[in-house]
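Trainee: Use these hints to put chain B onto chain A, whose structure you have.
If you read the protein sequences in the order shown, they are chains A and B. Residue 4 in my numbering sits at position 4 of the first sequence, with consecutive numbering throughout. Residue 342 in my numbering sits at position 342 of the second sequence, with consecutive numbering throughout.
Do not take every clue at face value.
What the hints assert, rightly or not - Quick list of in silico lysine to any residue cross-link-like pairs, SDA-like style, CA-CA up to 20 Å: (1) Lys-281(B) x Asp-125(A); (2) Lys-179(B) x Gln-153(B); (3) Lys-281(B) x Ser-121(A); (4) Lys-276(B) x Pro-77(A).
Hints in this document: simulated from the structure, not taken from any laboratory.
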Amino acid sequence: MSDFRRGALAALKAKIAALEAGGRACSASLPFGATAIDELLPGGGLPLGRWHEITGAGLEAETGAAPATFAALMATPLAARGEAVWVFRRDDLFAPGLSGLGFPAQRLIQVCARDEAEALSVMEDALSTVGVAAVIGEVEDVDLTAGRRLQLACEKRGATALVLRRSPFGNAASRGAGSTSATRWRVASAPSEPPAGEFGLGAPRFEVTLERCRGGRTGAFLMEAAGAYCWENTDGAHPLRLVADLGDRQLAPAQHRHAA
Amino acid sequence: MRGTRRIAVVSLEAARLRLYPGQKATDAFAIAPELVTEDTEPEADAAALEALVDWCVRYSPAVAADAPDGLFLDITGVDHLWGGEAELLADFQARLLAAGLPFRCAIADTPAAAWGLAHYGRDGTIAPPGGQLEALGPLPPAALRLDPETAAQIGRLGFRRLSQLFALPRAPLAKRFGKQTLMRLDQALGRTREALSFRRPPTPWIARLAFAEPISAPEDMARVALDAAAKLCARLEREGKGARRFELYFHRLDGKSPSVAAGLALPGRDARRIAKLLTPKIEAVDPGFGIEVVTITASEVETLSGRQVKLEGAAQPGIEDGLSPLIDRLVNRLGEDRVWRAAPVESHVPELSAGRVGPLSPPSEAKPWDPQTPRPIRLFRRPEPLEGVIALTPDDPPTQFRWRGQLHRVRRAEGPERIGEAWWTREIEDVRVGHVRDYYRVEDAEGGRFWLFRAGLYDSDAPARWWLHGLFG
Numbered sequence: 001m002s003d004f005r006r007g008a009l010a011a012l013k014a015k016i017a018a019l020e021a022g023g024r025a026c027s028a029s030l031p032f033g034a035t036a037i038d039e040l041l042p043g044g045g046l047p048l049g050r051w052h053e054i055t056g057a058g059l060e061a062e063t064g065a066a067p068a069t070f071a072a073l074m075a076t077p078l079a080a081r082g083e084a085v086w087v088f089r090r091d092d093l094f095a096p097g098l099s100g101l102g103f104p105a106q107r108l109i110q111v112c113a114r115d116e117a118e119a120l121s122v123m124e125d126a127l128s129t130v131g132v133a134a135v136i137g138e139v140e141d142v143d144l145t146a147g148r149r150l151q152l153a154c155e156k157r158g159a160t161a162l163v164l165r166r167s168p169f170g171n172a173a174s175r176g177a178g179s180t181s182a183t184r185w186r187v188a189s190a191p192s193e194p195p196a197g198e199f200g201l202g203a204p205r206f207e208v209t210l211e212r213c214r215g216g217r218t219g220a221f222l223m224e225a226a227g228a229y230c231w232e233n234t235d236g237a238h239p240l241r242l243v244a245d246l247g248d249r250q251l252a253p254a255q256h257r258h259a260a
Numbered sequence: 001m002r003g004t005r006r007i008a009v010v011s012l013e014a015a016r017l018r019l020y021p022g023q024k025a026t027d028a029f030a031i032a033p034e035l036v037t038e039d040t041e042p043e044a045d046a047a048a049l050e051a052l053v054d055w056c057v058r059y060s061p062a063v064a065a066d067a068p069d070g071l072f073l074d075i076t077g078v079d080h081l082w083g084g085e086a087e088l089l090a091d092f093q094a095r096l097l098a099a100g101l102p103f104r105c106a107i108a109d110t111p112a113a114a115w116g117l118a119h120y121g122r123d124g125t126i127a128p129p130g131g132q133l134e135a136l137g138p139l140p141p142a143a144l145r146l147d148p149e150t151a152a153q154i155g156r157l158g159f160r161r162l163s164q165l166f167a168l169p170r171a172p173l174a175k176r177f178g179k180q181t182l183m184r185l186d187q188a189l190g191r192t193r194e195a196l197s198f199r200r201p202p203t204p205w206i207a208r209l210a211f212a213e214p215i216s217a218p219e220d221m222a223r224v225a226l227d228a229a230a231k232l233c234a235r236l237e238r239e240g241k242g243a244r245r246f247e248l249y250f251h252r253l254d255g256k257s258p259s260v261a262a263g264l265a266l267p268g269r270d271a272r273r274i275a276k277l278l279t280p281k282i283e284a285v286d287p288g289f290g291i292e293v294v295t296i297t298a299s300e301v302e303t304l305s306g307r308q309v310k311l312e313g314a315a316q317p318g319i320e321d322g323l324s325p326l327i328d329r330l331v332n333r334l335g336e337d338r339v340w341r342a343a344p345v346e347s348h349v350p351e352l353s354a355g356r357v358g359p360l361s362p363p364s365e366a367k368p369w370d371p372q373t374p375r376p377i378r379l380f381r382r383p384e385p386l387e388g389v390i391a392l393t394p395d396d397p398p399t400q401f402r403w404r405g406q407l408h409r410v411r412r413a414e415g416p417e418r419i420g421e422a423w424w425t426r427e428i429e430d431v432r433v434g435h436v437r438d439y440y441r442v443e444d445a446e447g448g449r450f451w452l453f454r455a456g457l458y459d460s461d462a463p464a465r466w467w468l469h470g471l472f473g
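Next comes chain A alone, as it looks inside the complex:
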């Protein structure tokens, strides 16, 4: 790509971003620290002041363990900047577990809502509060109206929302048709790899698919929570570490066939 085309593309992208932001200042982003991911995301990192969707597969739609872990890891750097609020309908979140992941669980405000609508409205309320940096909500479905409302609430103070799609009492997982989220991540646990010569489990690993990314591209990755279950501080590094880029797995053989 020539310099001229690249420049023109960047200008166009900025224009679109400005249009989408509706005249508000362009929001910041939180880089993962791995170019393979950051280059897919608009602004070179997880866009802040937006809402993001995290889903699980299979049984995870009810238990939501891997998505919750992933969300906590994503929210850890945000929780250092302000308050964090976790909204759910089923209170099976275990604070010592969050603490083990490096998340400041003692400062987390937990809210148990009675129903779906209440959970969403609590999220909105928390997002539009001064001093709240991240809101994690476990809800079944976010329709277009709810999504738009969440987005407006995020833009008020620049807080970031992570929506865990979870049907907490075992209903059939609803098919999210349309969604206005900035990104959507599908998360599944992946087998861990302990360092050679060690017994037991390694750091938790996740197979992460970036299914949807507004103003960016999609991809798939293998990520690891390197700092989980140890005292060591990771010195400001993102708690999620990229292990491998799985994005072009299907694409590569196809290209190969084409060449042959």
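Mentor: This is chain B only, laid out in the frame that chain A set:
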């Protein structure tokens, strides 16, 4: 004695026929065959008295029930709201009369004197300040609230009037009639204090709004909530205080007084914020035929100095800017038990190691959770049983298990971590080795990470029981 029906209370008409409480019902029927009796319901009477006590809060926050059929109303410092004691009493009597309640009342400096005047004096007596001696003088000794035997003995000795008793020297009086008599005498004359148990703890933080016309529209109720809160908060501000809890009472025409309450996470005195918290709850209040008086009380009042203007770090928002109002909104909408922060509890039993504290309470002193002992992110309230567990040796982690109908093959495992029960909290006979749990953290072939445990020690006769207690991400 048992099985005898006796008379508990008599009406004025029955009293005129010389029927008296404690009389056998058959005797009473013999005297007055046309007698109409009703079964006595002490619980209902107590509940009615309680309701009356609640209603009386419209006059003063300090109301004490005097079971079974009386109440004390402390009107110190509130009578001027009606224009004086006589006007207050007239208003009180008119309302009781309208409610169809028979009553006798009196106003005096001391509760004991008021009791005596109300029970044995002329109804509606107002003893002038310091005038108990004269007011009580002509009353019989029973007006001192003595037990019946003492009162009867005093009567037998020829004392018909309290003035005769007042004239006696104290020491022989105490010797002859007991300390109780002397105490009651002193209480009546204001020489010693009498402790009343008020229905609500008396609070000086009360504001009251009365309306010329009863109101019932929801928007009016919301507005008076704001007005009443503003009145109270102005006082709180003047004295440099803030409160955590506000209760608003709507006194209805029919004598009921429903209330709504709002709590704050940090003490405050912002009337608009308090009214905002109260407003959604007001919708549920039934105004009946109308509300004529509104009172608001503040409790958990603490000193609240004015906010310091921040010199530095102005970019960092303070807790009272955003978080504290948010917590208040959530707590008042969802309930106190639905918003919390987790706090470490020093217990090795996993389900007990995370406690709940108020969202803005100071950080706990307990040792924080050890991040090096992995704990699941989802902990089931009740461990779920596992089936088809195969473990090579009794102490080994399982190689496969079935959970919710799905077979998981274990690829990696850690453990065991033995967690015993807190045996020191139980009786020694209740402690069993079967309460020991051996926890394993396992990972299946797909990467799912589970926290499961085997209950009890190895027993060659009984198969081991396995449970799933939580999930790691």
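Trainee: Confirm or reject each hint.
Mentor: Hint check results:
Only pairs whose Cα atoms come within 20 Å are accepted, and Lys-281(B) paired with Asp-125(A) is accepted, the gap being roughly 18 Å. Taking the CA atoms of Lys-179(B) and Gln-153(B), the gap is near 14 Å; set against the 20 Å cutoff, the hint holds. For the suggested pair Lys-281(B) and Ser-121(A), the alpha carbons sit about 18 Å apart, so the restraint of at most 20 Å is met. With a C-alpha separation of about 34 Å, the suggested pairing of Lys-276(B) with Pro-77(A) is violated against the 20 Å cut-off.
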